[in-house]
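With the hints as constraints, model all of the structure from the sequences given.
There are 4 protein chains.
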Amino acid sequence: MSDDRTTLQDLKEKMAQFVHERDWEQFHTPKNLSMSIAIEAAELMEHFQWLTVEASKTLPLDALSDIGEELADIVIYSLSLANALQLDLTDTVLAKMAKNIRKYPSEKVRGKSHKYTHYLQDRESDGTER
Amino acid sequence: MSDDRTTLQDLKEKMAQFVHERDWEQFHTPKNLSMSIAIEAAELMEHFQWLTVEASKTLPLDALSDIGEELADIVIYSLSLANALQLDLTDTVLAKMAKNIRKYPSEKVRGKSHKYTHYLQDRESDGTER
Amino acid sequence: MSDDRTTLQDLKEKMAQFVHERDWEQFHTPKNLSMSIAIEAAELMEHFQWLTVEASKTLPLDALSDIGEELADIVIYSLSLANALQLDLTDTVLAKMAKNIRKYPSEKVRGKSHKYTHYLQDRESDGTER
Amino acid sequence: MSDDRTTLQDLKEKMAQFVHERDWEQFHTPKNLSMSIAIEAAELMEHFQWLTVEASKTLPLDALSDIGEELADIVIYSLSLANALQLDLTDTVLAKMAKNIRKYPSEKVRGKSHKYTHYLQDRESDGTER
Chain F
1 MSDDRTTLQD
11 LKEKMAQFVH
21 ERDWEQFHTP
31 KNLSMSIAIE
41 AAELMEHFQW
51 LTVEASKTLP
61 LDALSDIGEE
71 LADIVIYSLS
81 LANALQLDLT
91 DTVLAKMAKN
101 IRKYPSEKVR
111 GKSHKYTHYL
121 QDRESDGTER
Chain V
1 MSDDRTTLQD
11 LKEKMAQFVH
21 ERDWEQFHTP
31 KNLSMSIAIE
41 AAELMEHFQW
51 LTVEASKTLP
61 LDALSDIGEE
71 LADIVIYSLS
81 LANALQLDLT
91 DTVLAKMAKN
101 IRKYPSEKVR
111 GKSHKYTHYL
121 QDRESDGTER
Chain Y
1 MSDDRTTLQD
11 LKEKMAQFVH
21 ERDWEQFHTP
31 KNLSMSIAIE
41 AAELMEHFQW
51 LTVEASKTLP
61 LDALSDIGEE
71 LADIVIYSLS
81 LANALQLDLT
91 DTVLAKMAKN
101 IRKYPSEKVR
111 GKSHKYTHYL
121 QDRESDGTER
Chain B
1 MSDDRTTLQD
11 LKEKMAQFVH
21 ERDWEQFHTP
31 KNLSMSIAIE
41 AAELMEHFQW
51 LTVEASKTLP
61 LDALSDIGEE
71 LADIVIYSLS
81 LANALQLDLT
91 DTVLAKMAKN
101 IRKYPSEKVR
111 GKSHKYTHYL
121 QDRESDGTER
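Protein sequences, first through last, are from chains F, V, Y and B.
Quick note: the first sequence, position 61, residue 61 per UniProt numbering, numbers continuous.
Quick note: the second sequence, position 73, residue 73 per UniProt numbering, numbers continuous.
Quick note: the third sequence, position 115, residue 115 per UniProt numbering, numbers continuous.
Quick note: the fourth sequence, position 111, residue 111 per UniProt numbering, numbers continuous.
Read the hints as simulated data drawn from the structure, not as lab findings.
Some clues are possibly wrong.
The list cannot tell twin chains apart, which means a pair is met if one copy fits it or any two copies do.
What the hints assert, rightly or not - With a straight-line Cα cutoff of 30 Å, these simulated DSS-like cross-link-like pairs (lysine-lysine) come out:
1) K112 - K96
2) K112 - K99
3) K108 - K96
4) K108 - K14
5) K112 - K12
6) K108 - K12
7) K12 - K96
8) K12 - K99
9) K103 - K14
What follows is the structure in structure tokens.
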């Protein structure tokens, strides 16, 4: 398989099967899964712990392989959490992206990493919404 | 859209477009993205901070909505990282799941949450691989 | 040494010496140290990943030793960050504790794990501050 | 108080008193405390999320105040965990620092951020321990 041929549902089903075959629903509760995602996220960060932001952009092949594994773990636990909460990941992701598009209109934020409140202030001060 | 009609590539492309329109590639470097995933993972955990594992299984609707947003953020940054590293998420996820299937054979682990080494010891002690 | 004979300054100085002898100030920047604390915090969480909250209260001796090491790492990086930012840890901790005492007055929160806003609403509704 | 006049025990006692007055021992279990430290560590990281490592070294005063608060929260939960596990923080910190001094001898690592294994290989290849 690969990304252009695989749906979110395909991956969610594989994960549900993996968990079910092992009778692991009892461990894959929301609290434990949230901890698991955070744990894997930290293992991912470890690869960049002492690098400058720039250096993190050019990584050797073997590091890339390990990094891919940590990212896979993050996605794997996220899939399990979506299953546990019966969430449609696509719908929640697209809804959040729509919210981000509103929060960070491209003409206002291009090239800058300001947080939402900065732009909210701009909106309030002159009354128009861009 | 929804999970059974959306491919990983669909979501990766939407994320790439969002980042590109804002000239945010400069901020969406691997180091920063790994921090971002960890930050969102912690915001997700906050919903379960003081709950028992059992209580985390029955959540009110408004909490479910917020939790969905945090999970969306985790997936959103994961998509951006996959783009930044030019990783096929499906391939990496399936490869890691195959590794987990080998590490945690269902007949050995059903119902138990032991780590890999426990089962490795079992393999070593009697010489056969199950 | 031990806790009743050791000041925060004693520990901060030992950490400063360790970092300086290795010419590691260049790596112990606030961004990297914040990542390091989060990484160690996740290694600590891993010990409790699949346990119920109750089970986490009774741990075997060897687990306790490993857990102590992760907690030590968290404190070690926190000391280095306090040095890097020239922060008096005692002052910041006591200031935050004073804020928490105000946010969570014991007569209101005893036995309950409500967040601040719940009590703020109580204050607003009857006008008095307890 | 301040760092040169305050012992670890002073802070642990204040924290124990705060928790006890609120009958919060039931929530301050090791699992929950480990999550809490990770949550606060992520709030700390958020201040540096999009900054370069260099930029994180020069922060405005109001940011410094918020950062101090997050660091205080990390230390506060660490104190509570030390109390819950009846750990002497000084002993565990000094033991881990001694281990780090052995792992990362200053003459070998000065100026470099290599991980332990690199130096272990050096030790193994020529048989002597430096």
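Consistency of the hints with the structure:
no. : hint       : verdict
1   : K112 - K96 : within (20 Å within a copy, 32 Å between copies)
2   : K112 - K99 : within (18 Å within a copy, 34 Å between copies)
3   : K108 - K96 : within (19 Å within a copy, 36 Å between copies)
4   : K108 - K14 : between (41 Å within a copy, 19 Å between copies)
5   : K112 - K12 : between (35 Å within a copy, 22 Å between copies)
6   : K108 - K12 : between (37 Å within a copy, 23 Å between copies)
7   : K12 - K96  : both (20 Å within a copy, 14 Å between copies)
8   : K12 - K99  : both (24 Å within a copy, 17 Å between copies)
9   : K103 - K14 : between (35 Å within a copy, 16 Å between copies)
Checked against the numbered hints given earlier, the structure satisfies every one of them.
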